[in-house]
Structures are given as structure tokens and as C-alpha cells.
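S.K.: In case you want the letters, here they are:
There are 2 protein chains.
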Amino acid sequence: MASTDGTPMINRQWLLARRPRGRLQLADFAYRAGPYEPPPLGEGEILLRNRLFRFSPAMRGWMKTTAQNVAPMAVGEPVLGNTTAEVIASRAPAYPVGAIVSTLASWQDYQVIDPAAAAIPPRIKPVDVTLHDFEGVFGTNSLTAYFGLLRIGEPRPGDTVLVSGAAGSTGSVAAQIARICGCRVIGLAGGPEKCAWLRDVCGLDAAIDYKNEDVGERLAALCPDGIQVFFDNVGGRLLDIAIDHMARFGRIVLCGQIASYDDGDALAPGPRNMMRVVYWRLRLQGFIVFDFIDAVPEALADLRRWHADGRLVHRSELVVGFKRLPESFLRIFDGSSRGTLLLEAD
Amino acid sequence: MASTDGTPMINRQWLLARRPRGRLQLADFAYRAGPYEPPPLGEGEILLRNRLFRFSPAMRGWMKTTAQNVAPMAVGEPVLGNTTAEVIASRAPAYPVGAIVSTLASWQDYQVIDPAAAAIPPRIKPVDVTLHDFEGVFGTNSLTAYFGLLRIGEPRPGDTVLVSGAAGSTGSVAAQIARICGCRVIGLAGGPEKCAWLRDVCGLDAAIDYKNEDVGERLAALCPDGIQVFFDNVGGRLLDIAIDHMARFGRIVLCGQIASYDDGDALAPGPRNMMRVVYWRLRLQGFIVFDFIDAVPEALADLRRWHADGRLVHRSELVVGFKRLPESFLRIFDGSSRGTLLLEAD
Chain A
728 MASTDGTPMI
738 NRQWLLARRP
748 RGRLQLADFA
758 YRAGPYEPPP
768 LGEGEILLRN
778 RLFRFSPAMR
788 GWMKTTAQNV
798 APMAVGEPVL
808 GNTTAEVIAS
818 RAPAYPVGAI
828 VSTLASWQDY
838 QVIDPAAAAI
848 PPRIKPVDVT
858 LHDFEGVFGT
868 NSLTAYFGLL
878 RIGEPRPGDT
888 VLVSGAAGST
898 GSVAAQIARI
908 CGCRVIGLAG
918 GPEKCAWLRD
928 VCGLDAAIDY
938 KNEDVGERLA
948 ALCPDGIQVF
958 FDNVGGRLLD
968 IAIDHMARFG
978 RIVLCGQIAS
988 YDDGDALAPG
998 PRNMMRVVYW
1008 RLRLQGFIVF
1018 DFIDAVPEAL
1028 ADLRRWHADG
1038 RLVHRSELVV
1048 GFKRLPESFL
1058 RIFDGSSRGT
1068 LLLEAD
Chain B
728 MASTDGTPMI
738 NRQWLLARRP
748 RGRLQLADFA
758 YRAGPYEPPP
768 LGEGEILLRN
778 RLFRFSPAMR
788 GWMKTTAQNV
798 APMAVGEPVL
808 GNTTAEVIAS
818 RAPAYPVGAI
828 VSTLASWQDY
838 QVIDPAAAAI
848 PPRIKPVDVT
858 LHDFEGVFGT
868 NSLTAYFGLL
878 RIGEPRPGDT
888 VLVSGAAGST
898 GSVAAQIARI
908 CGCRVIGLAG
918 GPEKCAWLRD
928 VCGLDAAIDY
938 KNEDVGERLA
948 ALCPDGIQVF
958 FDNVGGRLLD
968 IAIDHMARFG
978 RIVLCGQIAS
988 YDDGDALAPG
998 PRNMMRVVYW
1008 RLRLQGFIVF
1018 DFIDAVPEAL
1028 ADLRRWHADG
1038 RLVHRSELVV
1048 GFKRLPESFL
1058 RIFDGSSRGT
1068 LLLEAD
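Sequence order for the protein chains is A and B. Just so you know, we're using the numbering used here here: the first sequence kicks off at 728 and counts up by one. Just so you know, we're using the numbering used here here: the second sequence kicks off at 728 and counts up by one.
There could be a bad hint or two in this list.
Identical copies go unnamed one by one, so any copy, or any two together, can satisfy a pair.
25 Å max Cα-Cα, derived SDA-like pairs, lysine to any residue [what the hints assert, rightly or not]:
1. Lys-852 with Cys-908
2. Lys-1050 with Val-839
3. Lys-791 with Phe-976
4. Lys-791 with Pro-951
The hints are simulated quantities; they were obtained by calculation from the structure and are not laboratory data. Here the structure is a predicted model, which is why all the values come from computation and not from measurement.
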């Protein structure tokens, strides 16, 4: 097989060059490119061309030997990541040539996958959604926010909802869905620009700049009657503080633990005030979006309606150029990215 | 008012002499006795004579300035504790003179309470239950085990259930209810005698002596497919280890945190592996028995049936003598007590 104009296919790859320690560095990645001859497809397999790459903090955890949920990334292999890809050859009738799918793939131009063996089946892009929105406002992060908040957090109108990582791809959607549900919403974010965006554009009732404000003091002032739902992307210190301000029977949605991701194999300190968890009858619950796969169509219908009528805003940033994958990924850990960070292959 | 033979009433009391630091000591308590003239009862109030005192680790937490759920005990006041008491004067029709009630009271012979203002209404002893069983096998600890396991843990037949503090008053009942529900049950207890009792008398599938065995290694060997329900009375290190061995969608019932009670105002380290909580979709949930007050009759009916047909055993130890309250209370922290520790006033 060759490209349509007869020239040989070239597969570019970014490999995990070594097991990262602590904060990620460019030297943790290695670039390689070479001619590509796709292997003959087995029954049910499809050949993908990755078009759009999405970065998520969870990928940092997949690089650790202690990775959970997925097998740890192997040194010398392409970096595991979420992509939107075009099906360019297929022996799976559900995924015909030309279909655009969102899937767990890796940092390379071409790869063969077996959709039936995937932990989560690749999701096909509807024709009336742009590539960008498909991985952005209607992407996995938004679905994660939707199911985590509604199914695990169980917010009720009038509840006070706190969201950490609130200016991020998942957090900003969770916060806005809480607002749409009639909750009072407070966001935790780093820096005045993100906080202003949460208040002025996303319509949150308040935002706390955890880098420059005393989170405990502000929560005490803002939530004298406690927090009913905490949607937590961060863990560590912020989780500990939030527990002290939860209301009785409060629900804590454990979506992620960014505080632990970029920290070698070490784990951030766990929440110490477990006595309050007992006596305040709090519930801490982890989840992953895959658990709600059957309900994705109804979730997307809600997200599309809210987005269309202007109640759900989303911001994302698009970088162009396959070569820029590692440098772009590093940005989600230094707080400089805004919303969903996407990279389009050139 | 005087006692029936006309002699003046004497009220004996054990007071909290000072704010305890670290491990409790006898010097934390002070004895006082003197003539007692009951105040005129207000509408709805009752006068109690405390007959039987029950000790629980939670009382240690109530002595801290950081007490949760109850107001911290005041220095110079009688020690707060659970008792079974006789109503000896009443202006509350639901609690007539002669009724025997289990209630939150304090370490003294006499006291006036307002049942309607109590966080949990005093519970009246059925005539066909002994005083001892009323505070023991059918007492608050057993109800705590019942509701915590069934309502928060939601065990299913075939589940593997782990219980910490398994030889204790609450833990032993939780473990046996799990067994009655058709679960495979593993207990954590300190020392070979307690472990043998759990296996041989309570019918547990296995018991781990956390003082002398490597808990992580034994859990790995006993539960290769993970633990579905962990009923945790202890917290701290054991909770951290248990999280590493939970099955996906496992439920952790946070009943108590004995690891933190006897430790000044410090808190035991919290669980660090929150990433596993997220990815394994674990649920950690606190509760207190008061939340299920409406369902107490059905719980007692189950407990009485299981006890009558020999499926639920209970052990308790009875000490006699009001003067021995502090020394007996200290025993529940050194591991020397067995099951529910009760003290009968002389």
C-alpha cells in the first residue's frame, strides 16, 4: 500500500525515550520517521491516520510504571494518547473507510487497531460536528464532566458545587453543567485570568485563585453552610481543604489527581480528615467515563443543545504541526494552556 | 425528691479533669460525689438513673477540641458516654417512669435529659431483651454494623468482604452479617486469640493478625481478584493497604478511624493511593447510625432472628462498679478488651 499519489507512506512517530522522572522534559521524547508499509489487516482491524491529538494530564500517569487503568507506556514505543483519526483501510464493517473516529491511539501518523479489543470502542464523528468540536466541546473531557457531575455528584438545584481545575477542559464543562442544573458554582483555578474567565464567560458565582488566595478562608466565607458537591480534578492539598468545608452528606467526585501526575512515582498526600468524612457522611467516589458508554448519545444530545443555545461555552487551543507534540504536551503542566489543548498533524 | 427509703440521693460523677493529650491516662479523669437534688422537670424532660455504661472508641474523639458530630466534651463536666438508664421521673409520655432506655448520657448516676432535643431519641428496651443484650448484641454497635454494611457497603452474595477491627463490638457483627449474606469474609484483628475467635466461632473465612503478619501480602494471597467491600473501623495504614487490594467498583464503608482516636489532636495519615480510587472506581463513604433511625425496628428483627438461630454470636465483657469507669475505658485502647465492654453501676 502506498499513498494515493504513489509515493511511499512515511510514518512519523514520537516515542517515549525514557521513563520520565518528576516534571516532564523534552528529552523524555524521541522523534523517528521512516517508510511505512501497513501490515495486512486481520479480520475486524482498521488502519488509522491520526489527524488531531488531544492532551490530557492522565497521560502523565500512563508513563509511570505504576500506571493504572492502562498498561504502562513502554520506553521506545510511540506515546499513548487520544486522537481523532481517519479510517483509511478497514476490515470492520462498523468503521468504514472515510469514517472519522475518536479513539485511544498513539503519537504517530499511522496505526492499526482492533476496535473490538479496545477498552472503549472508537466513537464515530457525526457529519454535522467539526473535527475540532468533536475532540473539544463534544469530546471525551466533556463527557467525563457530564457523567462525573451528574451520575457521581448527583447535584440538586440550589446545591453549592465546587470544581477544582475549573478552567480546564473537563472542569469548565463540569462547572457549567452544575450551573445549568441550578446550582451555585465556585471554581478553583490558578491565576487571575482563568478566574475572570470562569466568572465572566462561564457564569460561575465565584472563582478562587488557589495560587494567590487562601482557599480555606475563601471557602469559609463563600460556603458557610458547606459544599454539597465537589468535582475534583486535582487531589492533594485542595482535596484536603475541601473536605473541611463539605456539607453533611456531601459528594466528592474524584475525576483526577493532577497534583500527583507530574511527580515521578510519588503520590500526593492523601486527605487526612477522614473523621469528617465519617461524621459528615461524605462520599468520595472515583469513576471513569468508559463506565457510561451506553449513555453517550443522550449526553451528546444534552451537550449539543446547551452549546447551541449558548449556555455551554468551551475554549480550546489548536496547535499545528506533528513535530510540536512534546512541547505542546508539556504546556498542560505549566498552567499556560487554556481549555482543551489540541494539536493538528500537518 | 429523695430515694425511696428517704435517704438523700447521692450523685456520683466522673469528670473530664483536663483535655487529654495522646494516649488516655487515669489522671485525665476526676471523681466527685455529692448530694443530688433533681431540678424540677420541664415539659418533655425525663430524669434518668444510669445503670449500664458502654465504652466506644468514638468517645476519645469527643474529648478533643476538634470533636466532630458532638460538641467537644467540656473539662470539669461529666464524661459523655452511652448508657442504658432507667426513667425515674418523667414529663414525657413516650418515656414513662420505669422504662429502660439506651441513650447518649454521661458518667454519672443521675441526669435530666430532653428526649426531643437529643440528636438520636432514646431507644426503649423491649421487655423480652436483657439489659446486657440490649446494650450488647442488640445495641448501637450492632445497629451500626447492620446499616453500615448493608446500606453503605451493599454486599452481594459471593463478594469478598474485608472488615478491620473485626474482633470488636461493631466489626464482629459486620463480619458475621456479611457471612450471613453469602459473602466470603476476611477479618483484620490484633493477635492470634482474636483471629482464632473470628475463624472458629464467628465462622469467618480468614483472619489476618495485623500486629504479626504482613497485611498486604496476605491480602494479595487471599484476594487475588480483589475486595468488593471493606468495612473499616480503623483508617490510617490499614485503609491505605486495603485500597491497593480493592476490586473495581469496590465500596469502602468508613465506620470509624480508631487509628486517629487516641492520638491527641493529630490525624493519622490519609489514604495516598487516590489514583486507584479514581481508576478502580472505588467509593469511600462515611455514615453514622443515626441516619437510619427509622429502620431500627427491621434491623432489630433481623439481628434477633440471627442471634436466636445461632448465626450471629456476640461477645461482651461486663465490669461491675461505677468507680472503675476510667480504668475500664482505657482498656479499649490497649487491645485487652473483647467485644463490647460494658460497665454496670453498683
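S.K.: Now, for every hint given, state plainly whether the structure supports it.
M.R.: Against the structure, the hints come out as follows:
In this assembly of identical chains, the alpha carbons of Lys-852 and Cys-908 never lie at most 25 Å apart, being 27 Å within a copy and 46 Å across copies at closest. Only within a single protomer do Lys-1050 and Val-839 lie at most 25 Å apart by alpha-carbon distance; the minimum there is 21 Å, versus 78 Å between protomers. Within a single copy, Lys-791 and Phe-976 get their C-alpha atoms only as close as 35 Å, which misses the 25 Å cut-off; across copies the closest is 23 Å, which meets it. For a Cα distance limit of 25 Å, the shortest separation of Lys-791 from Pro-951 across copies, 23 Å, qualifies, whereas the shortest one inside one copy, 40 Å, does not.
Comparing the model with each numbered hint stated earlier shows that hint 1 is the single one that does not hold.
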